[in-house]
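Asker: Here are the chains, one letter per residue:
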Amino acid sequence: AQSVTQLGSHVSVSEGALVLLRCNYSSSVPPYLFWYVQYPNQGLQLLLKYTTGATLVKGINGFEAEFKKSETSFHLTKPSAHMSDAAEYFCAVTPQGGSEKLVFGKGTKLTVNP
Amino acid sequence: DAGVIQSPRHEVTEMGQEVTLRCKPISGHNSLFWYRQTMMRGLELLIYFNNNVPIDDSGMPEDRFSAKMPNASFSTLKIQPSEPRDSAVYFCASTLASGRYITDTQYFGPGTRLTVL
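So the protein lines, in turn, are chains H and G.
Using this note's numbering, you'd call the opening residue of the first sequence number 1 and step up by one each time.
Using this note's numbering, you'd call the opening residue of the second sequence number 1 and step up by one each time.
Okay, chain H solo, but in the shape it has when bound:
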């Protein structure tokens, strides 16, 4: 069975600092991996996804994530945090080739301090 673990339910950074949000997965087959972002009082929107090919994936708003099969990880990074990045971030997984549903992590709430 698949599962997703997001380390740290809350992460706080200063504006301009590196953002690192951690995601580890367990899956019996190589997965498709997604990061979604949820701004206050809004629905989730896709930030980036990995399906096949290049393991470093670039998304919107300057975010990127790297699929590391050996570490079963898909951590999300951004070199320089902006106040507008304050939101909750969700990692999700589905087995490669597709699945009937996504499995989401518990989410990490990012706070950006001025």
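Worth flagging that the hints you see were computed from the coordinates, not collected in a lab.
None of the values given here were measured: they were computed from a predicted structure.
Check the hints yourself; a few may be wrong.
Dumping the calculated DSS-like pairs for lysine-lysine here, alpha-carbon to alpha-carbon at most 27 Å [said to hold, decoys possible]:
1) K49/H / K68/H
2) K106/H / K49/H
3) K106/H / K78/G
4) K68/H / K106/H
5) K69/H / K106/H
6) K49/H / K24/G
Footprint (simulated), chain H over chain G, 3 or more residues, beta carbon under 8 Å [to be verified]:
7) 36–49
8) 105–115
Where a beta carbon is used, it is the ideal one built from N, C-alpha and C, also for glycine.
Could you slot chain G onto chain H? The hints should help.
Answerer: Okay, now just chain G, sitting in the frame of chain H:
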């Protein structure tokens, strides 16, 4: 495209009342999902449909919850009778699936915030 549309955006009701949440998926999408989000349990998948057919309702909490998708452009989630513990944000999402398999992005609606007093 207008995106996934949900109504109402906010619902306040009293315990025991029937509540109906509505969703219009993105045109052309063939899979629709209902999620519930709470502080305690996070984001939970309640049920999903593929080509208007319910595929997996194992996440539906109990018989008080029911969902229908009478056509490709409309779905409802009904709670009858409602209880205070049903208070949550309910999201609808849609995607274009290859067969029954999800390989692409799910697009979420803005959610319905339900409060049961």
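Asker: Could you run down the list of hints and mark each one as holding or not?
Answerer: Hints versus structure:
1. Taking the CA atoms of K49/H and K68/H, the gap is near 14 Å; set against the 27 Å cutoff, the hint holds.
2. Only pairs whose Cα atoms come within 27 Å are accepted, and K106/H paired with K49/H is accepted, the gap being roughly 18 Å.
3. Only pairs whose Cα atoms come within 27 Å are accepted, and K106/H paired with K78/G is accepted, the gap being roughly 25 Å.
4. The suggested pairing of K68/H with K106/H holds, with an alpha-carbon distance near 21 Å, which does not exceed 27 Å.
5. A hinted pair counts as satisfied when its Cα atoms are at most 27 Å apart, and K69/H with K106/H qualifies at roughly 21 Å.
6. Between the alpha carbons of K49/H and K24/G the distance comes to roughly 25 Å, so the proposed pair stays at or under 27 Å and holds.
7. Look at the region 36–49 of chain G against chain H: 4 of its residues bring a Cβ nearer than 8 Å to a Cβ of that chain, three or more, so the hint holds.
8. Counting residues of the region 105–115 of chain G whose CB lies closer than 8 Å to any CB of chain H gives 7, so the stated coverage by that chain holds, three being the minimum.
In this structure, none of the earlier numbered hints is contradicted; all agree with it.
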